[in-house]
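Asker: So the sequence shown is numbered by this note's numbering: it starts at 207 and just counts up by one.
Hints are not guaranteed to be accurate.
What the hints assert, rightly or not - Quick list of simulated restraints, FRET-style, between CB atoms: (1) Thr341 to Gln243: 43 to 53 Å; (2) Ala261 to Arg323: 17 to 27 Å; (3) Pro292 to Met224: 18 to 28 Å; (4) Ala309 to Glu354: 17 to 27 Å.
Just so you know, the hints here were simulated from the structure itself, not pulled from any lab data.
Beta carbons: idealized from backbone N, C-alpha and C, even for Gly.
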Amino acid sequence: MSQNTDPTSTAHTSLPEMLAALAAALPPLPGARCLGQWELFDATSTPWRKRKPPAAVRQARHDALDACAQCPALMACRDWLDNLTPDQQPHGVVAGRIIRPPATPTAADRKTQRAERFAALHQKGLSYRAIATATGSSAGTVRRALNERQPTA
């Protein structure tokens, strides 16, 4: 069994270890206008936005974007951001951009994804019952999902 060595993974990492790893991952940004203004930039991220009045969030976003636009470290910050994968990118105003978290899949999206998983397993020769066992679904659910995918004449 392989051990997760990514210190930013929260699976088996303490909060101090994770925060230290995140701080070490940030590039040096001399003169950055965001330094010491964590409240302003945090107010633009999703968890904080839900606790603030919409007008306060709009003002924080405006102020954070303005700070980024005048920042001497903007290009270095953008280079850093551009080298992160989407799941590594912080949300809110970062490097003069508004980074939003990915949208939560709708029930229809989840149903389509499930049917696609079932179809892929069925194409590999698995029976409805085997697909149901492998996915934690019922054989009836598998049958209905696959029948709905069949083109009608």
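Asker: Next step is simple, just say for each hint if it's right about the structure.
Answerer: Evaluation of the provided hints:
1. Taking the beta carbon of each, Thr341 and Gln243 are about 47 Å apart, inside 43 to 53 Å as hinted.
2. At about 43 Å, the beta-carbon gap between Ala261 and Arg323 misses the expected band of 17 to 27 Å.
3. Restraint check, Pro292 to Met224: a C-beta distance of roughly 19 Å satisfies the suggested window 18 to 28 Å.
4. Checked against the given bound of 17 to 27 Å, the beta carbons of Ala309 and Glu354, roughly 24 Å apart, stay inside it.
Hint 2 from the list above is the single one not met by this structure.
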